[in-house]
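Asker: What follows is each chain in one-letter form.
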Amino acid sequence: MTEETISQLKKSFSYGSRSDMNFKFLKDLTDEEVTKFFQELLWKLGDTLDDGNLQRIISHIYQYQQKGYVGTGRFKYETTAFTQVELQKDKMRFALIASTGHFVQGQDPKPFGVEDMTQNQAEERITDFLRLEPELTSIPTNTPPDQLKVRHGGYDVRGAIMDRNVNFPIDRLNELAADGIIGEFSSPAYSFVGACSQMRLQNHALPRWIEKLHNEEIHGLILVPV
Amino acid sequence: MSVGHVARAMEESGIATVVIASGVFSDRLRAMHLPRIVLTDFPMGRPLGAPNDHETQREVLLAALDMIDHTKQGGSIHIFNRDYCPWNL
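Residue numbers (the numbering used here), protein chains in the order written: chain A, 1 to 226; chain B, 1 to 89.
Simulated from the structure, these hints should not be mistaken for laboratory data.
Check before you lean on any hint, since a few could be wrong.
[As the list claims (entries may be wrong)] The calculated lysine-lysine pairs, modelled on BS3-like cross-linking and capped at a C-alpha distance of 25 Å, are:
id : chain 1 : residue 1 : chain 2 : residue 2
1  : A       : LYS44     : A       : LYS67
2  : B       : LYS72     : A       : LYS91
3  : A       : LYS67     : A       : LYS36
4  : A       : LYS44     : A       : LYS11
5  : A       : LYS212    : A       : LYS91
6  : B       : LYS72     : A       : LYS76
Starting from the given sequences, assemble the full structure and let the hints guide the process.
Answerer: What follows is the structure, encoded as structure tokens:
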């Protein structure tokens with residue numbers, strides 16, 4: 001039996017034999033950092049055995065996820081457009097767009113023409129998704145939880161399956177509208193798979209999405225990346 | 001990041017935006033110089049808080065909406081300081 005190296009181990013969590021979207025960041029850490037991650041995790045689990053405090057485990061995972069994504073990435077800009085808001089939020093009409101991969105049951109966007117693609121299949125085809133023009137799915141804001149589906153090859157969707165509001169907060173926005181804190185929450189809300197071609201997003205998809213939101217007379221947009 | 005490009009383009013078209021993200025992506029989002037960002041100390045995939053933690057989810061949204069009301073210039077970032085508490089329901 002061949003001995004597995006730390007390098008092979010850490011890569012296996014990123015679309016490999018141990019694929020795990022919560023821990024795919026391990027591949028971007030040094031071997032020493034990965035060793036330290038597991039050693040500290042086990043030590044903290046030992047503490048938790050005695051006091052039951054899971055917060056240290058959550059913080060540990062969060063801090064190492066941050067290490068995995070440290071650095072500015074491919075896109076750097078020095079300036080930004082800025083829209084000065086004229087209305088207060090209780091007079092504004094808000095929309096939601098999240099890059100979460102949600103869709104209404106029976107309206108599967110069928111990426112690559114595949115019927116009922118599973119979460120595992122989406123993870124296996126992540127490099128194909130990264131070449132694809134993103135498709136905006138429309139989700140009425142009164143969609144019952146059991147009618148809303150989520151699939152995305154880039155993150156762990158288990159939290160979103162338990163409660164869509166962890167990254168697609170339509171219930172909380174409906175409540176804020178009902179309480180009069182925002183003027184209106186526009187229906188439908190929108191989702192897309194954020195793991196997509198940035199060129200196709202900017203050159204082809206976004207002009208249509210902008211036109212759509214202007215036609216809906218949206219003043220403010222809540223955006224949620226995952 | 002896709003949502004960063006959506007924010008920049010929407011804002012250019014005259015729609016005010018606010019991005020709610022896990023602080024895991026802090027470096028990447030800051031580099032995109034977006035108009036308004038709320039960063040939470042929550043794990044990837046759960047930027048508004050733990051499943052069924054309605055109070056925190058609402059507070060995160062209120063922080064984002066507050067930025068819509070009060071932000072005067074682009075590149076503004078609000079750090080939302082609260083523990084991720086799936087058991088504190």
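Asker: Can you confirm whether the C-alpha distance between LYS44 of chain A and LYS67 of chain A stays at or below 25 Å?
Answerer: Roughly 18 Å separates the two Cα atoms, so the pair holds.
Asker: Regarding the pair LYS72 of chain B and LYS91 of chain A, is the alpha-carbon distance no greater than 25 Å?
Answerer: holds (18 Å)
Asker: Check the hint pairing LYS44 of chain A with LYS11 of chain A against an upper bound of 25 Å on the C-alpha distance.
Answerer: The hint holds at about 24 Å.
Asker: Holds or violated: LYS72 of chain B and LYS76 of chain A, Cα atoms, limit 25 Å.
Answerer: Roughly 22 Å separates the two Cα atoms, so the pair holds.
Asker: Would you check the hint for LYS212 of chain A and LYS91 of chain A, treating anything up to 25 Å between C-alpha atoms as holding?
Answerer: holds (20 Å)
Asker: Under the criterion that the straight-line Cα-Cα distance not exceed 25 Å, is the pair LYS67 of chain A, LYS36 of chain A satisfied?
Answerer: Given pair LYS67 of chain A, LYS36 of chain A holds - Cα atoms ~12 Å apart, limit 25 Å.
Comparing the model with each earlier hint shows no violations; every hint is respected.
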